[in-house]
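Listed in order, the protein sequences are those of chains Y and S.
Numbering that gives the first Met the number 0 applies: residue 0 is where the first sequence begins, and numbers increase by one.
Numbering that gives the first Met the number 0 applies: residue 0 is where the second sequence begins, and numbers increase by one.
Just so you know, these hints were derived from the structure itself, not from any lab.
Be aware that one or more of the hints could be misleading.
Claimed, not checked - One-sided and incomplete, this derived list gives chain S residues near chain Y with beta-carbon spacing under 10 Å: (1) Pro53; (2) Trp65; (3) Ser69; (4) Val127; (5) Ala215; (6) Val304; (7) Val305; (8) Val309.
Glycine included, C-beta positions come from ideal geometry on N, C-alpha and C.
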Amino acid sequence: MYSKMERVVNYVVLTIMAALVLFPVGTFVVSALSPDRSGKPVAFSQLKWDNFATAWQDAGFSRAMTVSLIIAVCVVAGQVLLALLGGYAFGVLGVVGDKVLFPIVLLGMMISLEAIIVPLYYQFRTMGLTNTLPGIILIHLGMGVPFGIFWMRAAFRALPRSAFESAELDGAGSVRMLRSMAAPMARPAIYTLILLSFMWTWNDYFLSLVFLHGANQTATVALGVFQGKYVTQINLMAAGGLIVAAPVLVLYVAFQRKFISGMLAGAIKE
Amino acid sequence: MPATVTGTPASARETRPAPATDVRRRSMRRRTRWIGLAFAALPLGVYAIVVLVPLAQSVQYSFYKWDGVSASTWVGFDNYVSFVTDPVLRSTLGHVLVLIGFFALLPIILGLLSAALLTRAKQPGMAVYRWIFFLPQVMTTVVIALVFKRIYAPDGPLNEALRAVGLDSLARTWLGDFTWALPALGLIGTWVTFGFCMVLFISGTSAIAPELYEAARMDGAGPVREFFAVTLPGLRGQLAIALTLTITAALRTFDLVWITTHGGPGTSTLTPAVALYKAAFQNPQVGLAAAIGVVMAALCLVIAVVITRVSERD
Numbered sequence: 000m001y002s003k004m005e006r007v008v009n010y011v012v013l014t015i016m017a018a019l020v021l022f023p024v025g026t027f028v029v030s031a032l033s034p035d036r037s038g039k040p041v042a043f044s045q046l047k048w049d050n051f052a053t054a055w056q057d058a059g060f061s062r063a064m065t066v067s068l069i070i071a072v073c074v075v076a077g078q079v080l081l082a083l084l085g086g087y088a089f090g091v092l093g094v095v096g097d098k099v100l101f102p103i104v105l106l107g108m109m110i111s112l113e114a115i116i117v118p119l120y121y122q123f124r125t126m127g128l129t130n131t132l133p134g135i136i137l138i139h140l141g142m143g144v145p146f147g148i149f150w151m152r153a154a155f156r157a158l159p160r161s162a163f164e165s166a167e168l169d170g171a172g173s174v175r176m177l178r179s180m181a182a183p184m185a186r187p188a189i190y191t192l193i194l195l196s197f198m199w200t201w202n203d204y205f206l207s208l209v210f211l212h213g214a215n216q217t218a219t220v221a222l223g224v225f226q227g228k229y230v231t232q233i234n235l236m237a238a239g240g241l242i243v244a245a246p247v248l249v250l251y252v253a254f255q256r257k258f259i260s261g262m263l264a265g266a267i268k269e
Numbered sequence: 000m001p002a003t004v005t006g007t008p009a010s011a012r013e014t015r016p017a018p019a020t021d022v023r024r025r026s027m028r029r030r031t032r033w034i035g036l037a038f039a040a041l042p043l044g045v046y047a048i049v050v051l052v053p054l055a056q057s058v059q060y061s062f063y064k065w066d067g068v069s070a071s072t073w074v075g076f077d078n079y080v081s082f083v084t085d086p087v088l089r090s091t092l093g094h095v096l097v098l099i100g101f102f103a104l105l106p107i108i109l110g111l112l113s114a115a116l117l118t119r120a121k122q123p124g125m126a127v128y129r130w131i132f133f134l135p136q137v138m139t140t141v142v143i144a145l146v147f148k149r150i151y152a153p154d155g156p157l158n159e160a161l162r163a164v165g166l167d168s169l170a171r172t173w174l175g176d177f178t179w180a181l182p183a184l185g186l187i188g189t190w191v192t193f194g195f196c197m198v199l200f201i202s203g204t205s206a207i208a209p210e211l212y213e214a215a216r217m218d219g220a221g222p223v224r225e226f227f228a229v230t231l232p233g234l235r236g237q238l239a240i241a242l243t244l245t246i247t248a249a250l251r252t253f254d255l256v257w258i259t260t261h262g263g264p265g266t267s268t269l270t271p272a273v274a275l276y277k278a279a280f281q282n283p284q285v286g287l288a289a290a291i292g293v294v295m296a297a298l299c300l301v302i303a304v305v306i307t308r309v310s311e312r313d
C-alpha cells in the first residue's frame, strides 16, 4: 500500500521544500564567515571566525545581550507565575464571574500590540516608565496573560480529577494543592510555556524599538542599528545577526519537539 | 472563538455528572470560586492595566487631534475618514492586499500541494524535515530581514544567479525598486510561513480517516478528485488556522519593512503598522496613529471571526 515509488516522491518533495528554507539561511552563514566585505563565499581554510568578535564589539552586544537576557528571564519567571495562578483559578477552582471574565481573557489573544501601543507609550511616559526595564517587562507580562491562562488552564484540566478530590479530602488548601500537586503534575506544559515565552520575548523588536533607547537597547534593536551603520560590510552584519539569533536557535535545537508541539497547539496566539 | 479552533471542550467540567446535591458541598464550591477570583486577581489586574485600559484609551485617542505635547482637540471621525481621503494611508491597505497574496495564499497553496503529494504514512526522518520547516518560525524577524537583505543585495545571490544565466537585464536593487520592493518583501513572508503551513497540513492529513480515502478509490476517484473530495474538506480546521494567522501577519507587518525599506522607496512598501509607528513617534499625529491601531485590531478580529464562522459552516 506504500510503494517504493511513493516513498521516493515523498523524499523529493520534502527535500525540495527543505532546501528552499535552508538556502537563504545557508548563504547568510557563509557570509558571516567571509573575509570579504560583500560576504562572498570563500574556501574553508580562509573562513574568518573573527567576524563574530568584531561584530560583538562594534555593535555593543555585551550590553544589549545582557539587557535582552534580563528582560527575557524576568518575563519568563513572571509569566509562569501569572499563568499558574490564572490557569489554576480558571481551570480548577472556578472563578466568580468566569462566564464574562474568561471570554475577555481569550479576547486578549486576538488583540494586537498595535491596538494598544499608542496610549501605552504616552501613559507610561507620564509615569516615567518609558526607557526602563520594569516598564517593558510589565508590558510583556500583560500581553502574555491571555495565552498563559489559556495554556495552563488546558493543562490543569487535563489532569485527573481524582487527584484533586483526594487531596481535597486530605484537607489540602488551594495554595498547597497548586504548589505541591498541580504544578508538578503539569510540568511538561510549564516547560513549553517557558520556551515559548522566552522566544517571544527575546525575538521582540517592535516593543523594544518603541520603549527602549540608548543603553537600554535590546539585542534585536541593537542589531537593527548595527546593520544600518554597516550597510556595506555584509559579513559583519551577518555575523551580528547570527549572534542575536543564537540563544533561541540553541534552545530550538535542544527542545525542538516542545517548540513545535507548543507552537502548533498555541497557533491561536498572535 | 480561539477555543473552538483548537477544539478545547469549553464545557468539559460543567458536564461532569453532578455530585449529590448537598448544601454543604455547594457552599464550599461557592467559596472555592471566590478563592479562584483571588488567585486570578493578579494576572487579571496586570492584563487590565496593560491591555484593556489602553485599548479603551486607543479608541478615545482616535477621536482627537494631538501632537503628543500641546493640548488636544476633538475631531470626531476625521482620523478614520483619512483612511479614505489620504491617498498614502489608503495605499497601505492596497499593500496589505498584495502582502496577503504572498503571506497567505502562496504558502497555503504550497502547503496544500506538498500535503497532497506526500503519502499519509509515517516517514522516517520526518522529525528532521519538520525541524527545518519550522526554523523560520523561531528566528527573530530582524535576522530574517538581514538574511534577505543579503539575498536581494545588488551583488547578492539572486542578482548573481540572474547574471549567470544571462538575464542581466532583470538584475536590480530589488528592495530599492518602486515596483519590485513590495513583491520582494512579500516573498520573505512566503518563506517564513510556508513551512509552518506544510507541517500544519501534513499533520492534518494524517488525522483523516483512511477509510475515506479507500472509499474514494473504490468510487474510482483519481488523485485530483481524491484531493478535492477528501483531503481539502478534511483540512478545514487547519486551513482556518493557517488563513487567520497568515492574513493577520500580513496586516501587521512591521519589523520586516522597518529593517529593510522603512516603507520606501517613496511609500511603495508602507504598511499600516509602519504608518502607525511614523504617526505615533516620528511626526506625532497621535490621534491618527491610535485610529490606525483601532482599525488594524478591528480588521484582525473581523478576519478571525469570519474565517472561523465559514470554516465551521456545514
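- Task: Classify the hint on Pro53 of chain S as holds or violated, based on whether any CB of chain Y lies nearer than 10 Å to its CB.
- Result: holds, 4 Å
- Item | Closest C-beta approach of Val127 of chain S to chain Y relative to 10 Å, hint status | For Val127 of chain S, the interface hint holds, since the closest Cβ of chain Y sits about 8 Å away, which is under 10 Å.
- Verify the interface restraint on Val309 of chain S: the C-beta must sit less than 10 Å from at least one C-beta of chain Y. violated, 17 Å
- Hint check, Val304 of chain S versus chain Y [nearest Cβ-Cβ separation less than 10 Å]: Nearest chain Y Cβ about 9 Å off; hint holds.
- With a cut-off of 10 Å, does the beta carbon of Ala215 of chain S approach a beta carbon of chain Y closely enough for the hint to hold? The hint is violated - Ala215 of chain S has no Cβ within 10 Å of chain Y, the shortest such distance being about 15 Å.
- When the least beta-carbon distance from Ser69 of chain S to chain Y is tested against 10 Å, hint result: violated, 13 Å
- Query: Regarding the hint that Trp65 of chain S lies at the interface with chain Y, is the smallest CB-CB distance below 10 Å?
  - Reply: holds, 9 Å
- When the nearest CB of chain Y is found for Val305 of chain S, is that gap smaller than 10 Å? Violated, about 13 Å.
When each numbered hint is compared with the structure, violations occur for hints 3, 5, 7 and 8.
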